[in-house]
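Trainee: Sequence:
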Amino acid sequence: MPDNRKLGSLEEIMEILNKRAKTWNLVTISRIKGNFQEAFLRKSLDILQYRHPRLNSRIIDFENCLYFQTAGTEKIALRVINPLDETQWQEVVNEEMNQEIDSSKCLMRVVLAPILGDQKISYLITTLHHAIADGLSSIQLHSQILNYYQRLASGDTIQPIISLESLPPIESIITKYAQDYRGYISSNLLSLKIGIQKLFYRPKTLGFEKYVSIPERISQIIHRQIEPELTQKFIDKCRRENVTVYSALCAILMFTVARKIIKPNQKSMNVNCLSYLDLRRRLQPQISESDLGIMATSMMQFYTIKAHTSFWELARLVKHNLETSIKRGDIFSMPLIAKQLINFCFFFPKQVAATVSVSNIGKINIPNIYGELELEDISFAGSHALYGGMFVIHAASFQGKMLLNFVFSQPSISKQLMDYLIENIISCIYEIGNSNNGNTFFLVDNFF
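Residue numbers for the sequence shown follow the working numbering, beginning at 1 and rising by one.
Only true hints are included.
With a straight-line cut-off of 30 Å between C-alpha atoms, the simulated BS3-like cross-links for lysine-lysine are:
{"id": "1", "residue 1": "Lys306", "residue 2": "Lys198"}
{"id": "2", "residue 1": "Lys204", "residue 2": "Lys193"}
{"id": "3", "residue 1": "Lys401", "residue 2": "Lys233"}
{"id": "4", "residue 1": "Lys363", "residue 2": "Lys120"}
{"id": "5", "residue 1": "Lys401", "residue 2": "Lys415"}
{"id": "6", "residue 1": "Lys339", "residue 2": "Lys210"}
{"id": "7", "residue 1": "Lys120", "residue 2": "Lys75"}
{"id": "8", "residue 1": "Lys210", "residue 2": "Lys350"}
No lab work stands behind these hints: they were computed from the structure.
I would like the entire structure built from these sequences, with the hints used as guidance.
Mentor: As structure tokens, then:
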């Protein structure tokens, strides 16, 4: 049954990012133990595409407007590659992040990457157009794929699949929160406020080691894991200090960049943090993570880190500011001004959007066993070629481990610099997790 409609404003900007900058497409990566067979995977994808109308859609340009259209949509592309060495899956992710989605055909593609060795290990890598999904729903999509796979592999009869109703544009969903006349006024005021704060603070960033035009930029990923014991120690320490893991990660990234670029005898530094947050559970009624759609928002916060600002002081301030912005309703205003903020990046390509960017979806609540298959790890990342000079992290936890995907735009940031920064991030997490209650870290400490 046709499910056609015009793209909303946020969906439209995601298509522009896809076409012009290969940016913000969602790459989700699962490490799977077991004999993962192409035939059952192909059938699972076909079922999934029928169940989710937006997966059975493409994007067309009609009379200078963009529309979702179901007619003419091709099957989800599945590519099975030759067995790889253990670490080569990151090369596949890099390749996927730097290839735009041909939205005129389909809005998702899949790679199955077997790993060389005696153990049967495969990586399932999906690339989704951000106009139809966010991090939470892309994770759930993997669970659905594996669930259908398990049932097909075990010979279960798949009952007739009922196609779900697709979500409307986020702008219409948040109407009662932000899109009446007061909502438009508050959105414009928020846009003005961000502009004034950026002029006032002039936040410092990593900048461009080498500048190239937007079409020449590429995304790269570096993956790290924090083992369960250290992850739990880190979480427990955050709780004792009355901060969230999210605010602690924001503070860690800002401290790390500040310590890298601070000049001798400099007493303070202004930085800013772009945080991505889930809207689903903040709507009434709540929207399930299983429903495909872009139900995420962002917040831009500005900070002054002084020489003797403690790490925990900064983390608590981040927590307070995010809570205040949420209560004020800024999270519902940001999707309405996202197009302005993205266009600013295109108009001023030499500007760095933020010092750091943090997306943390927290604990992933999906099964790890699917018949004979075991899901060992799962994480996600957004491609970020557009955002030169910004230090970006996508975090999640699964089976007790913290999974960290660091994404950066080259050549603005070199791999050598990223390796240095990431080593400091991991060291910081280790020190926090294993520190005594009295330990406090400051900007000018020789901590790293």
